[in-house]
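Q: Chains as they are written, first to last, in my numbering: chain A, 1 to 423; chain B, 1001 to 1283.
It is possible that some hints are incorrect.
Which chain B residues stay away from chain A? Per the calculated CB distances, all over 10 Å, these [what the hints assert, rightly or not]:
{"no.": "1", "residue": "D1057"}
{"no.": "2", "residue": "Y1061"}
{"no.": "3", "residue": "R1080"}
{"no.": "4", "residue": "S1121"}
{"no.": "5", "residue": "T1159"}
{"no.": "6", "residue": "G1172"}
{"no.": "7", "residue": "A1180"}
{"no.": "8", "residue": "L1184"}
{"no.": "9", "residue": "A1186"}
{"no.": "10", "residue": "N1187"}
{"no.": "11", "residue": "T1190"}
{"no.": "12", "residue": "K1194"}
{"no.": "13", "residue": "L1201"}
{"no.": "14", "residue": "E1275"}
{"no.": "15", "residue": "R1276"}
Which residues of chain A face chain B? A few of them, derived with a C-beta cut under 8 Å, are [stated by the list, open to error]:
{"no.": "16", "residue": "R32"}
{"no.": "17", "residue": "L38"}
{"no.": "18", "residue": "I46"}
{"no.": "19", "residue": "F50"}
{"no.": "20", "residue": "F143"}
{"no.": "21", "residue": "W248"}
{"no.": "22", "residue": "L272"}
{"no.": "23", "residue": "V273"}
{"no.": "24", "residue": "H299"}
SDA-like mimics (lysine to any residue), calculated; alpha carbons at most 25 Å apart, straight line [as the list claims (entries may be wrong)]:
{"no.": "25", "chain 1": "A", "residue 1": "K31", "chain 2": "B", "residue 2": "S1246"}
{"no.": "26", "chain 1": "B", "residue 1": "K1112", "chain 2": "A", "residue 2": "L409"}
{"no.": "27", "chain 1": "B", "residue 1": "K1112", "chain 2": "A", "residue 2": "F183"}
{"no.": "28", "chain 1": "B", "residue 1": "K1113", "chain 2": "A", "residue 2": "L407"}
{"no.": "29", "chain 1": "B", "residue 1": "K1113", "chain 2": "A", "residue 2": "L40"}
{"no.": "30", "chain 1": "B", "residue 1": "K1113", "chain 2": "A", "residue 2": "E120"}
{"no.": "31", "chain 1": "A", "residue 1": "K164", "chain 2": "A", "residue 2": "E120"}
Hints listed in this document are in silico derivations from the structure and should not be mistaken for laboratory results. Positions of the beta carbon are idealized from the N, C-alpha and C atoms, including for glycine.
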Amino acid sequence: MSADTNIDNAPILTVDGVPLKQSLQRALRQKRRGAFMLTLPLLIFIFIFFVAPIADMLFRSVENEVVAQNIPRTVAALRSWDETSGKLPSEEVFAAMVEDIKVGRKNRTIGKVARRLNYEIPGMSSLFRSSARKVARIKEGPFKEALIEIRPQWGQLETWQLIKRESDKYTASYYLAAVDARFDSSGSIVAEPEERQIYMFLFGRTLMMSLTITLLCILLGFPIAYLLATLPMRYAALLMILVLLPFWTSLLVRTTAWIALLQQQGVINDFLVMLGIFDDNDRAALIYNKTGTFIAMTHILLPFMILPLYSVMKTIPPSYMRAARSLGATQFWAFIKVYLPQTLSGMGAGTILVFILSIGFYITPALVGGTSGTFISNYIADHISTTLNWGLAAALGMMLLALVLALYLLYDKIVGIDNMKLG
Amino acid sequence: MALPAHVEPLERIWFYTFRVICGLIFVFLIGPILVIIPLSFNAVPYFTFTPEMLSFDPAGYSTKWYMDFFTNPNWQGAVRNSVIIAIFATIASTALGTLAALGLSRAEMPFKKFFMALLISPMIVPLIISAAGMYFFYSRIGLASTHLGVIIAHAALGTPFVVITVTATLVGFDQSLIRAGLNLGANPRTVFFKIIMPLILPGVISGALFAFITSFDEVVVVLFVGSYEQRTIPWAMFSGIREQISPTILAVATILVMISILLLTTVEVLRRRSERLRGLSPT
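Given the sequences, and given the hints that come with them, work out the whole structure.
A: Here it is in structure tokens:
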């Protein structure tokens, strides 16, 4: 505030005697609150029904209460055992284990412990299950010898080290499993043996296949976007429909169409046989492998590349190319040096968008990918509905989510989420 | 992009080659969608053109797969579920999304960028992760395998589209119109229905259409959160493809393509109307 408008430094007052500054601030606060209140219902809704489920999943990927809950006596007794001592736990621990297994068998909860520990060391499941059947025979001590007699594995340090390690409320073992590593018997992190390393390979395959699909989309999307941007408006609007119709058609419909086209007895194979390119008995395997995933996903994601490219190309004045030509550049060099660099922002936006969408794909790879063309999502779904290893599914999901969010931040840097357009 | 008369032969060849390439890419884009339409009238349960079909023999064609779709209780239940779930999910996401967009487009909105990112997140997070999280969480709170659960899940997935389209419509919105209305004695309700609503209506409707199609086409979340009782058309298609693939699926796909064409036309008409109304484009 300048001095000449406020000579005696007295604050300007509103009609009701409140300083103007204060009054304005209150009005602004009210407006802020008003704007926030409008947004609040959706924020609450999204928070409860979308953010909370994902937070729950994050919790599930480290949560580890099965062991502590279902064999509590053993876990309590193991607390005083030093797992690095090289000696088996005391008689008291074995007694607690016998009691826990007896109770667990009656309540049918011992199977949960068996399944949980079996994720870490295969064979744990049968150890617990067979012990549960025979443990009723043990009436009195010494429990140590009795248990070891049932299954010699009870006499191995590794078994007890595992139980002690997994008796914490939280565990990193799902994340370790998700990166093909585990705790060894001494508690240090080691890589899984070669033949059991699958998830890093799957993540790698998902990324590589997504990258290929993105490149295919650039390759096919660029000419179309260029054509649409340079044609006169009335033709472009008509051809645009050919891009928008697939964009609006259900993903499942398009996947179904590709199954009909690509399968062994499908339209494309029939056509190739008719042309004599393939023998009738030796038809091309175009589906239920990587090829199927590449073709169907490129088709599904192509509009997501064309639309951002088109909107950028639309803003490039054609006079730039004409100027380059008149200054002596050939068509080719004018395109490379003048036109292409100007399309990079659209290409960047399309690339990240297609890549983000691609690495999270589930339905299409599940239907046309067979075993060689499936993505990490398919294994997450598998762990949820088939193997029931929800902790591992959650850990894999969180890693995928972290990857997507990182890419999304990149997208925000390049394009800005406010510029996200639809249709 | 007409070709001037003076160009060199090489450029002329490239010009036509380029057009042929583009033509082929268009065939790739649209071909699969068009091919399923005649295939859905196949008289025999094959996924390819029979010799009878190619010679346009009427005996090679049949509408029996459509009859199957319209009479089979499995499919009819799916249609009913799809419509019910999509309608309620659309209502919920349109109401919540429009209100939120009104708040988000005000200049005074605090932490705008953060809230916008949060509200758009259902569109960004891969569906398998949303589906898995919802499956775990909704089981805990008793919403799994209920219609309400699927409706809520779809409403959450649909809101970003409403927020984005309505916010886009509000970009050119003159906030002083609201003050003028209030100044002239209208209460906030009247201002909303008489001033704001008519202006943002095209955005609200296209947002609602996006929300509807999101729910109507969605399959991953309904596979996890729902069960057979909540089967939607995509659910039934997915399990149909996995179990025994019958041409009824192609008939369903054809019907869905028709619905997409209808929705696409509506959204395009609305978008042009809205741009004309706001004077953004002279077309």
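Q: Return the status of the interface hint for F50 of chain A: holds when the least beta-carbon distance to chain B is below 8 Å, violated otherwise.
A: 5 Å, holds
Q: Taken at face value, is the distance from the CA of F183 of chain A to the CA of K1112 of chain B at most 25 Å?
A: Answer violated: K1112 of chain B to F183 of chain A is near 44 Å, above 25 Å.
Q: Do the alpha carbons of K164 of chain A and E120 of chain A lie within 25 Å of each other, as the hint requires?
A: Judged against 25 Å, a Cα distance of about 13 Å means the pair holds.
Q: If we take the beta carbon of R1080 of chain B, is the closest beta carbon in chain A still more than 10 Å away?
A: The claim holds: R1080 of chain B sits with its nearest Cβ about 18 Å from chain A, beyond 10 Å.
Q: Measuring from the C-beta of V273 of chain A to each C-beta in chain B, is the shortest one below 8 Å?
A: Violated - the Cβ of V273 of chain A stays beyond 8 Å from chain B, reaching only about 11 Å at its closest.
Q: Straight-line Cα separation of K1113 of chain B and L40 of chain A no greater than 25 Å?
A: 15 Å, holds
Q: For the pair supplied as a hint, K1113 of chain B and E120 of chain A, is the alpha-carbon distance within the 25 Å limit?
A: Distance ~43 Å between K1113 of chain B and E120 of chain A Cα, so the pair is violated.
Q: Find the nearest Cβ of chain A to the Cβ of T1190 of chain B and say whether that gap is larger than 10 Å.
A: 17 Å, holds
Q: Does L407 of chain A lie within 25 Å of K1113 of chain B when you go C-alpha to C-alpha?
A: 17 Å, holds
Q: Taking the minimum C-beta separation from L1184 of chain B to chain A, is that value above 10 Å?
A: 19 Å, holds
Q: Closest CB-CB distance from T1159 of chain B to chain A, is it above 10 Å?
A: 6 Å, violated
Q: Are all beta-carbon distances from G1172 of chain B to chain A longer than 10 Å?
A: With a cut-off of 10 Å, G1172 of chain B remains clear of chain A, as the shortest Cβ separation is near 15 Å.
Violated hints, listed in ascending order, are 4, 5, 20, 22, 23, 25, 27 and 30; each of the other numbered hints is respected by the structure.
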